[in-house]
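*Asks:* Here's the letter readout for the chains.
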Amino acid sequence: MRTPDEERALAKAARAGDQDAFAGLVRLHQRRAYLVARSIVTVHEDAEDAVQEGFVRAYQAIQRFDTSQNFGPWLNRIVANAALDIARRRKVRSTEELTDALRSPFRDPGEHAELRERLAAALAELSERARAVIVMHDVEGFTHAEIGEMLGVPGGTARSDLHHARKKLRELLQDLRD
Amino acid sequence: MTDELKFPDAGDRADSPGEPVVTLIREAYAPPDAAAWPDVYWAGLETRIMARVSAEAEKGWWAELVPWARVGLVAAAAIFAFAGVVNNQLGAAEDQMAYEAVNQPDLTTASDEPIAGQYVSTSGDAAALSYYLSN
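Residue numbers (our numbering), protein chains in the order written: chain A, 372 to 549; chain R, 287 to 421.
Next up, chain A with everything else stripped away, as it sits in the complex:
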């Protein structure tokens, strides 16, 4: 775990062209960046592509990064944009498999793996933005303002999206609660 000062030092060194410092930033942020991307594109391979593309874009734009700011939100905004680009291209991807999983008879609610599948299927039913907002806020703990910045919407819109996404998710998983 690095302190914000150490992270800032890494960002400054990376800006000066130090690739080892940039690798340090990759090590620090890749897990969170992956989850941000995965929440948008849902498919593992696409999430990996988005993370790689996001880091490459961040490297290309590092001269424009303000080192007085935190690197994480800046990076995640770029990763989210890369993921949204991929999601737009993959719009035609069939979600039948996930939808079937969501609607399949619930055999054993106690099974952890099945619960996880049901949840993944329910999340896949949400829009990209709604899903991303839930994951970023409830799982990763980003603030509404940070989420808004990453997704290119006002913080209030991210907050409203979260409210509606949770409602929809509850509806989709209603039978698990009964």
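For the record, the hints were derived by calculation from the structure and aren't laboratory data. All values derive from a computational prediction rather than experimental measurement. Among the clues, some could well be false.
If you want a taste of the chain A side facing chain R, the calculated C-beta under 7 Å gives, among others [as the list claims (entries may be wrong)]:
| id | residue |
| --- | --- |
| 1 | 409 |
| 2 | 427 |
| 3 | 491 |
| 4 | 495 |
So these bits of chain R aren't anywhere near chain A, every CB distance computed over 10 Å [unchecked claim]:
| id | residue |
| --- | --- |
| 5 | 360 |
| 6 | 361 |
| 7 | 369 |
| 8 | 372 |
| 9 | 379 |
| 10 | 380 |
| 11 | 385 |
| 12 | 387 |
| 13 | 388 |
| 14 | 390 |
Here a beta-carbon is modelled for each residue, glycine too, at the ideal position from N, C-alpha and C.
Got chain A; can you put chain R on it based on the hints?
*Replies:* Here is chain R on its own, set in the frame of chain A:
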């Protein structure tokens, strides 16, 4: 008035899906390859990212110009086309001038003086008077 007041933070947290669901989401969205050997997976992803970053760095400063190449080509084509049109129009004007030079009499050297012995056709009283006075 903003949405900040409509959905206060306390309500947000109270409405949260709760830790079990958060854990399930984390698991559902974890990389499949990371389940058994997470450190190996993340080290591998870091290596792939840095390989792409290094490749990007090796492209050098001129790679920055690549996106401008198309703009440059379009601009060059436009300039070339414009130069062609201008050249064509100048050529047409020169042709016209050459044509007129050949087909029209040279007015700058023409004279109103009759050539000696040449009959000058005139009409009216002034012309007749002029004829008798000159003979």
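*Asks:* Closest CB-CB distance from residue 388/R to chain A, is it above 10 Å?
*Replies:* 65 Å, holds
*Asks:* Beyond 10 Å from every Cβ of chain A: is that where the Cβ of residue 387/R lies?
*Replies:* Its Cβ never comes within 10 Å of chain A, the nearest being 63 Å, so this holds.
*Asks:* Is the nearest CB of chain A more than 10 Å from the CB of residue 372/R?
*Replies:* 41 Å, holds
*Asks:* Does the claim that residue 361/R lies off the interface hold, with its Cβ farther than 10 Å from every Cβ of chain A?
*Replies:* 24 Å, holds
*Asks:* Just want to verify: residue 390/R was marked as not at the interface with chain A; is every Cβ pair farther apart than 10 Å?
*Replies:* Label holds. Min Cβ-Cβ 67 Å, cutoff 10 Å.
*Asks:* Would you say residue 380/R is clear of chain A, with no C-beta pair closer than or equal to 10 Å?
*Replies:* Holds: least Cβ distance 53 Å, greater than 10 Å.
*Asks:* Checking the smallest CB distance to chain A, is residue 379/R really beyond 10 Å?
*Replies:* 51 Å, holds
*Asks:* With d taken as the least Cβ-Cβ distance between residue 369/R and chain A, does d exceed 10 Å?
*Replies:* 36 Å, holds
*Asks:* Holds or violated: residue 427/A as interface residue toward chain R, Cβ cutoff 7 Å?
*Replies:* This interface hint holds because 5 Å falls under the 7 Å limit.
*Asks:* Just double-check residue 385/R for me: nearest Cβ-Cβ distance to chain A has to come out over 10 Å.
*Replies:* 60 Å, holds
*Asks:* Hint check: is the beta carbon of residue 491/A less than 7 Å from a beta carbon of chain R?
*Replies:* 4 Å, holds
*Asks:* Are all C-beta atoms of chain A more than 10 Å from that of residue 360/R?
*Replies:* 23 Å, holds
Consistency note: the structure conflicts with earlier hint 4 alone.
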